[in-house]
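Colleague: Here is what each chain is made of, one letter per residue.
There are 2 protein chains.
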Amino acid sequence: MITGHVFIATSLDGFIARPDGDIGWLLARDDHAEDHGYSDFIADKGAIVMGRGCFEKVLTMGEWAYDRPVLVLSRQLAGKPVPEALQGKVRFSGRTPKDTMTQLEAEGVNRVYVDGGQLVQSFLRDGLIADLVVTTAPVLIGAGRPLFGALPQDVSLALVSSRHFPSGLVQSTYRVLR
Amino acid sequence: MITGHVFIATSLDGFIARPDGDIGWLLARDDHAEDHGYSDFIADKGAIVMGRGCFEKVLTMGEWAYDRPVLVLSRQLAGKPVPEALQGKVRFSGRTPKDTMTQLEAEGVNRVYVDGGQLVQSFLRDGLIADLVVTTAPVLIGAGRPLFGALPQDVSLALVSSRHFPSGLVQSTYRVLR
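First to last, the protein sequences are chains A and B.
The first sequence begins at 1 in this note's numbering and counts up by one.
The second sequence begins at 1 in this note's numbering and counts up by one.
Pulled out of the complex, with its shape left as it was, chain A reads as follows (with noise of 0.2 angstroms):
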């Protein structure tokens, strides 16, 4: 069955990105020596949906740094013309999360990289995340776009490894219990 997972930062005050989306405050305290193990998590995923706040920023950080087909979930962009550098690379659609997944099975795809705060949100609500690698930073933003949000009902976790780093990092990986 396909599956949902997430790898995603967030300051210690749950937030993605400030009010205006700008995620400097967390470009500030990587550290490019350090292997934070985007490689390994995305090296058996067979596709990326993300929402169009997300696409949108990723769009302003210059070089499209994605290899793996990349599914943009947006009713406003559904139907649009992707832009031709990044035809085959992306597609738009506005298909529900749970028909996304759907698709994605039927194209033969198995492992789904979900990036994106309302996304994530989505998918967590919608049942369709396994697993969850979660990356805080040392530091309060005290405003901004939330990693987690409303639920219908609790998400239990079961902890399933974490690191930190130098950088001041914490990099912990859960497994969603159904």
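It is possible that some hints are incorrect.
Pairs count within a copy or across copies, as identical chains cannot be separated in the list.
Claimed, not checked - The calculated lysine to any residue pairs, modelled on SDA-like cross-linking and capped at a C-alpha distance of 25 angstroms, are:
1. Lys-98 - Ala-143
2. Lys-57 - Ala-150
3. Lys-57 - Ser-156
4. Lys-45 - Pro-19
5. Lys-57 - Lys-89
6. Lys-98 - Thr-60
7. Lys-89 - Arg-125
8. Lys-57 - Asp-154
9. Lys-57 - Gln-153
Calculated from the structure, these hints are not laboratory results.
Here the structure of chain A is known, so what remains is to put chain B in place on it, guided by the hints.
Modeller: Then chain B, alone, in the frame of chain A:
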């Protein structure tokens, strides 16, 4: 100089209690066979300050658990009599966080345990917290009383240590950077 210190537990989505104050989700994930370090933490603290919400929660939990003088900061309780069973153990005060620290310092206290979400937020905003021990329970509860809140500016932290327990709790200690 007198300093404030935090030792608190939170859900992975940043809540210290449900909207109605319930912490059953936390107690269910606690393992009393594990030493989460509270005794070590409290050993060098001369006083405890908490807000009314936290005080009223503690009252419902049966036996009075604190062997340090407790100051309850609450405009609502200030001036009211302390329940007889707690006289000599608890005082009510309407002072601000800063004035409270000045008062406690004058009484010879050096290190203060600051407990409860609202009070942690106030003391952080006023720059009165030196370090925080944050213990994260492996669950998303979706809504509740947040550990952190709005800030006049970023609070940069240095990770002092991080460890995890078989129960799935992750405990990280941060020093506030000035």
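Colleague: Output the indices of the hints that this structure fails to meet, ascending.
Modeller: 4, 6 and 7
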